[in-house]
Amino acid sequence: MIELLRQGAAVHADLPAVASSGRSDTYGSLLARAESIAGALVAQRITRFGLVLEHPADVIAVLAGASLAGSEACQYPPVEDTEVIGSLADRLDHEVLITDRPGLGGAAGAVELDGLLRGATTAAPAEPPGERPLLVLTTGSTGLPKAARHDWRRVLRAASRIAPDEGRRWLLAYGLHQFAGLQILVHALASRGTLVAPDGLQPVHGLRAIRELGVTAVSATPTWWRFLLTELRSTGGEAPRIDQITLGGEAAPADLLEVLATTFPDARISHVYAATEVGSTGSARDGRAGLPLSVLERDDDADVAMRVVEGELWVRSRVGMLGYYGEPPVDPDAWRPTGDLVEIVGDRLVFRGRVSEIINVGGVKVAPLPIEEVVERVPGVEVARVFGRPNRMTGAIVAVEVVVAAGADPEAVIDAVREACQDLPAAARPRSVRAVEEIAVIGGKRNRKADP
Amino acid sequence: MQVERTEVEATIRGFLQRVKKPTDFSDDTLLHGDGLNLDSLETAELSAVLEDAYETDPFSAESVPPETIGGILDYYSALASGG
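Chains A and B, in that order, give the protein sequences.
By our numbering, the letter at position 100 of the first sequence is numbered 90, and the numbering carries on one by one without gaps.
Just so we're on the same page, our numbering is the position in the second sequence counted from 1, plus 33.
Only chain A is shown next, with the shape it has when bound in the complex (with noise of 0.2 Å):
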């Protein structure tokens, strides 16, 4: 991490690093303050830590000074309640907290970041140690979030194919205590662009900075990109000029490529497939849905690989996690279940949901993901979420939720939509559906966990 602050600041240091509205901070100034970091942490002998901070651009200069001291940093999720923090923290055994926020001021172990730099400091180390722990909290979609041990050395091995991209400005729509959120900090950095942080993560506050700070390349779930389109359809006005859309985190539906290719002519549509456990991965840039099926093809030189076994994707990856906090080391070129299930479909390998999400109806297994991008092509329908409901008859139902477009019947695209899933196998086809207002999200992706 500090090497890209490094290089970003002797090409040039003044260029904005991370931008936001009302503050802007150059290469040179984080790099600064992450030296001042770094140095504090080494004479403070903090080796491990939690972090709690507001801006996007406090976090960098933390996370950056942290890899050069060789000290683990883990940012915990955005969450206003002390108590989730402090069992966070009793869970990770982080003994010191490095906070801005008020409220943990007194909390045992927690430290003011503007503490930390007047407390006893040295000089930064010239050069990063050999190993540079990070630890970073998965989406806890399916349960409490994991707290998976990496490296910076690993999470940087792609940022040396990353080719100079001055001016390009990229908008943070993930949290950075998201992997998908450190994956955008690395591109923009070691491109030398300027990661734009919106004053929240929703799609609402993405579109308000895409306006005003010039975003021009944008990575998210496609589920945030589904609700962006339905903000911009709602507010209305003419699309911003967008040069690179990446899609990650979910499968990423052939309708929603072909709606952001026409919203968006002049973007470039990539979608990644990575995870914090196994790391990137690689992309797709032919806006067409899944991956090649050349993915499964790489040779044992690779850093990724990928196979099939019984419809779920497998990985050995020498660029993803060192293991789970408490759990023992991974082996780097062991196979691992990704928990993905997929199918081949003609020359692509294309993503059906997850395992976690399967809906077991009456001994029947239905995956969510096929439903949805059927109800998700009816007109009327701005986003749809498929998940099981328990029925004391068949064990669970297929349940639908949607959102509807504004002036849209309920009724009617309710009508529409059970319509549209009759060719459905029967156990697949829902059994209930129903408007609403909001669909359930954690960490930007779809919330299909069973309802109570």
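Warning: the hint list may mix true and false statements.
Label pairs and their in silico Cβ distance ranges [unchecked claim]:
id, chain 1, residue 1, chain 2, residue 2, range
1, A, G353, B, D60, 30 to 40 Å
2, B, R51, A, R223, 21 to 31 Å
3, A, P380, B, D60, 27 to 37 Å
Only pairs whose alpha carbons sit at most 35 Å apart, straight line, appear in this in silico DSBU-like list of lysine-lysine [what the hints assert, rightly or not]:
id, chain 1, residue 1, chain 2, residue 2
4, A, K355, B, K53
5, A, K435, A, K355
6, B, K54, A, K439
7, A, K355, A, K136
8, A, K439, A, K136
9, A, K435, A, K136
10, A, K439, B, K53
11, B, K54, A, K355
12, A, K355, A, K439
Taking beta-carbon pairs under 10 Å as the criterion, some of the chain A residues facing chain B (in silico) [claimed, not checked]:
id, residue
13, G352
14, R379
15, M383
16, A402
17, A406
18, R408
19, A417
20, R421
21, R424
Calculated directly from the structure, the hints in this document are not laboratory data.
Since the structure is predicted, the reported quantities are computational estimates derived from the model, not experimental observations.
For each residue, glycine too, the CB sits at the ideal point set by N, CA and C.
Put chain B on the given structure of chain A with help from the hints.
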């Protein structure tokens, strides 16, 4: 809860119309077999429809699920009378 018998009948009728089943029924009409011939998924769907409408349904609440239209109607009548 107070739910009129006729209201529940209308809810059931709306469901049957949607799944293309006969909408003429009496209390004695069987839900399965020679009656309305609902399969397990259609029965599960009816359960969900009733739960959405009235926050409770006899298929989920009763140890023995109803077998006739009358059985469904009696469940809500009993709730209304506090039984």
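(request) Give me the numbers of the hints this structure contradicts, sorted from smallest to largest. (result) 16, 17
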